[in-house]
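Undergrad: If you want the building blocks of each chain, they are given just below.
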Amino acid sequence: MKNHKVRLGALALAAIMAITAGSAISPAQAKGKKLTIGFVVHVVGNPFIQQIIDAAKMAAKDLDVNIKVTGPAGAEGDAQLTAAQNLAASGVDGIATSVPSASMVNGLNAIIKSGIPVVQFNGLGVGVNAPYVGEKSTQSGRILGKMVLDKIGGTSAEGSVIVGNCYPGFPVLENRQKGVLESLKKASGVTIVGPSDVKVDAAANFAAWQGLLAANPDALAMVGLCAPDVESIGKVNKAADNTTTIGAGYDLTTGNLEALANGSAHISLGQTPFIQGYLPVYILVDSIRKGIKINKPGFIDAGTEVVTATSVTEPFKLPALTFAKLQAMAKSQAKTRAYYEPVVKGYIKNWQKNLKPIAQESA
Amino acid sequence: MIATPFGAKGRTRFKLPEETSVLIALIVLIGIVGALRPTFLKPVNLLNLAASYSIAALIAGCIVFLLSMGEIDLSFGWILNLSAVLAGLSMIAGIPVWISIVIGIAAGALMGALNGVLTVFMRLPLIIVTLGTASVFQGISLISNKSGSVVPTDPKITQHIFFRALGGVIDTPVPIILIFVLLAFVVLHLTLHKTRFGYRILAIGSNPEAARLAGIPTKKIKIQVCALMGAVSGVGGVLFLGFRGAVDPSTGGQLLLPVVAAAIIGGTPLSGGAGTIWGSLIGAMIVGVIGVGVVFIGIDAVWGTLVTGLVILFAIGVDQIVRVRKKRGS
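Protein chains in written order, with my numbering: chain H, 2 to 364; chain Z, 12 to 341.
Don't take each hint at face value.
Taking lysine-lysine and the DSS-like style, the derived pairs with C-alpha atoms no more than 30 Å apart in a straight line are [to be verified]:
no. : chain 1 : residue 1 : chain 2 : residue 2
1   : H       : Lys332    : H       : Lys114
2   : H       : Lys336    : H       : Lys350
3   : H       : Lys318    : H       : Lys350
4   : H       : Lys336    : H       : Lys179
5   : H       : Lys114    : Z       : Lys167
6   : H       : Lys291    : H       : Lys346
7   : Z       : Lys157    : H       : Lys187
8   : H       : Lys239    : H       : Lys58
9   : Z       : Lys167    : H       : Lys147
10  : H       : Lys62     : H       : Lys239
11  : H       : Lys336    : H       : Lys114
12  : Z       : Lys157    : H       : Lys179
13  : H       : Lys200    : H       : Lys291
14  : Z       : Lys26     : H       : Lys114
15  : H       : Lys62     : H       : Lys318
16  : H       : Lys147    : H       : Lys114
17  : Z       : Lys157    : H       : Lys186
18  : Z       : Lys53     : H       : Lys294
19  : Z       : Lys53     : H       : Lys34
20  : H       : Lys294    : H       : Lys350
21  : H       : Lys336    : H       : Lys318
22  : H       : Lys346    : H       : Lys318
23  : Z       : Lys167    : H       : Lys297
24  : H       : Lys318    : H       : Lys147
25  : Z       : Lys167    : H       : Lys35
26  : H       : Lys114    : H       : Lys294
27  : Z       : Lys205    : Z       : Lys26
28  : Z       : Lys26     : H       : Lys297
29  : Z       : Lys157    : H       : Lys200
30  : Z       : Lys205    : Z       : Lys230
In short, the hints are calculated from the structure, not lab data.
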């Protein structure tokens with residue numbers, strides 16, 4: 002009898018579903034509505050990615066649109082593509098997504114073909130018919146490699162340099178790696194150790210760098226390519242009471258800046274998470290509102306920030322920053338938004354002028 | 012899901028299939044998401060979303076064989092990856108597409124068989140062996156693909172019927188991948204529940220010592236089941252290659268949790284001796300609906316993981332309540 006009731010309940014529920022399905026109206030079909038932008042990141046719970054998300058939300062607030070943020074807990078292209086497809090099916094008006102995997106390309110092009118505009122950020126999918134906002138990845142690697150080389154004695158340096166890649170195969174990281182190695186090879190006496198897989202997870206990342214330094218105690222430098230590296234390298238240097246090995250890497254998270262401040266790490270390149278989060282949302286909203294088609298590849302440089310404990314170099318002629326101000330900005334969304342106001346009013350507003358051929362990304 | 016007759020006080024009653032409870036949990040979840048976001052219930056959406064989760068579902072269907080035997084494999088995601096990489100590289104090297112597909116699946120079967128042989132001869136649980144082989148397969152994949160994506164771009168390959176059919180270029184009312192996976196589920200169900208091989212698996216899972224004393228070649232069956240798991244993961248790999256048109260170094264790495272969760276939510280116990288193939292399909296759909304629902308309802312990414320966990324607990328709870336009621340009722 003109870004089973005019978007359960008079956009009846011299930012049938013009733015199915016009937017309700019069928020009725021509601023019939024009355025379904027896609028949000029995109031409703032005129033004069035508030036736009037909804039889907040924002041897909043390749044990993045949730047990463048401090049650098051969170052800075053991008055925060056900027057995307059600031060853009061949504063400024064532009065008076067809704068934003069739905071999603072992404073897998075662990076970086077995996079198929080799960081991310083599924084999230085983007087789910088957003089498209091839910092009726093969002095545009096999608097901004099990082100593209101860490103080639104297997105996402107066909108799926109994203111299918112979304113674009115269905116009429117939903119897409120903008121890529123942070124990770125570029127070659128072949129996706131959409132503009133890309135990000136750093137010049139190979140060039141930023143060259144800059145980092147050159148700065149490390151300068152610190153260890155220039156082209157006459159002799160010794161080993163450890164290189165770690167937290168995600169082998171991730172195209173942007175492979176490009177950075179290429180740039181770093183290109184610069185370091187200018188010193189014939191430098192031996193490269195690695196590139197080793199130093200993992201994304203903060204604890205595993207620390208353990209990997211600790212092991213690498215233990216195996217190469219005389220290393221001249223440790224160079225990471227991902228957000229957790231500078232903080233980990235700093236902690237490893239501190240724990241080993243090592244003041245001679247140069248620590249270098251990417252991103253301006255609170256932990257990385259702290260490592261630069263206390264002298265346990267030395268160089269970190271930022272890739273303007275504010276622009277990488279804000280600009281894709283701006284492009285989508287602006288293009289939808291003005292009816293501009295963005296269904297072809299293109300590149301908008303998000304710029305590179307070069308930071309040491311004594312100097313901060315920002316792109317786009319932004320006002321000069323002290324290290325202390327940069328640290329304060331990393332902890333405050335309001336201060337970040339205020340600092341980037343000239344970029345929002347200029348570089349971001351004029352995004353169409355700044356859209357370059359995609360080949361410039363890896364130049 | 013075949014209704015089984017049984018006698019009670021001289022009256023023929025029909026016992027609902029054991030998957031009923033988890034099916035109700037699925038319907039409730041779909042109902043909730045559909046009520047909140049009616050667009051979700053559009054048939055085209057449901058079919059496309061089902062297609063997206065179909066490869067994970069296929070592997071969940073096969074892991075039921077291992078769970079029924081009281082074993083668990085941690086390496087299938089990397090078997091899928093390496094099989095797809097080998098198939099893709101074979102295609103790029105000029106080997107005909109169908110032969111490359113066979114190479115990928117055969118490589119998967121070999122990797123699975125290796126897991127089985129190591130388990131039997133080292134007398135270790137499969138979970139421990141596959142802790143090691145997972146890294147071995149991932150490592151070989153990274154060496155093979157030079158830590159980059161494998162993307163067949165030659166039109167001779169991309170215009171092949173395999174890619175056109177799976178990639179959605181050929182328009183069909185139901186995605187081809189979904190039809191294939193449903194047929195595979197029928198085969199898996201019949202294999203586990205209607206063949207001597209299947210009965211032996213369940214007997215080993217129920218009591219390995221008794222199975223051995225009864226003359227069941229337990230070692231051989233273990234190796235065969237591991238090879239089957241590898242072959243199905245290989246099938247998953249080549250399906251992925253056809254469906255997405257590329258395979259990445261990370262492909263398959265995150266499959267472990269959703270696949271095992273699908274089988275367990277579906278009603279297959281970790282203790283062995285029992286298993287439901289259809290339950291795993293429904294379990295995979297529950298995992299899929301949760302993933303889709305979180306996006307449709309617009310739950311922020313930061314909250315998404317918590318909500319996913321809570322909804323899985325809810326689904327298991329509904330399943331358990333209905334099971335207990337059914338037990339009392341019978």
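Undergrad: Hint by hint, note whether the structure agrees.
TA: Hints, verified against the model:
no., hint, in the structure
1, H:Lys332 x H:Lys114, "violated (40 Å)"
2, H:Lys336 x H:Lys350, "holds (20 Å)"
3, H:Lys318 x H:Lys350, "holds (16 Å)"
4, H:Lys336 x H:Lys179, "violated (34 Å)"
5, H:Lys114 x Z:Lys167, "holds (23 Å)"
6, H:Lys291 x H:Lys346, "holds (18 Å)"
7, Z:Lys157 x H:Lys187, "holds (24 Å)"
8, H:Lys239 x H:Lys58, "violated (36 Å)"
9, Z:Lys167 x H:Lys147, "violated (44 Å)"
10, H:Lys62 x H:Lys239, "violated (41 Å)"
11, H:Lys336 x H:Lys114, "violated (39 Å)"
12, Z:Lys157 x H:Lys179, "holds (14 Å)"
13, H:Lys200 x H:Lys291, "violated (43 Å)"
14, Z:Lys26 x H:Lys114, "violated (48 Å)"
15, H:Lys62 x H:Lys318, "holds (25 Å)"
16, H:Lys147 x H:Lys114, "violated (42 Å)"
17, Z:Lys157 x H:Lys186, "holds (21 Å)"
18, Z:Lys53 x H:Lys294, "holds (27 Å)"
19, Z:Lys53 x H:Lys34, "holds (21 Å)"
20, H:Lys294 x H:Lys350, "holds (16 Å)"
21, H:Lys336 x H:Lys318, "holds (18 Å)"
22, H:Lys346 x H:Lys318, "holds (13 Å)"
23, Z:Lys167 x H:Lys297, "holds (25 Å)"
24, H:Lys318 x H:Lys147, "holds (22 Å)"
25, Z:Lys167 x H:Lys35, "violated (45 Å)"
26, H:Lys114 x H:Lys294, "holds (12 Å)"
27, Z:Lys205 x Z:Lys26, "holds (19 Å)"
28, Z:Lys26 x H:Lys297, "violated (58 Å)"
29, Z:Lys157 x H:Lys200, "holds (17 Å)"
30, Z:Lys205 x Z:Lys230, "holds (21 Å)"
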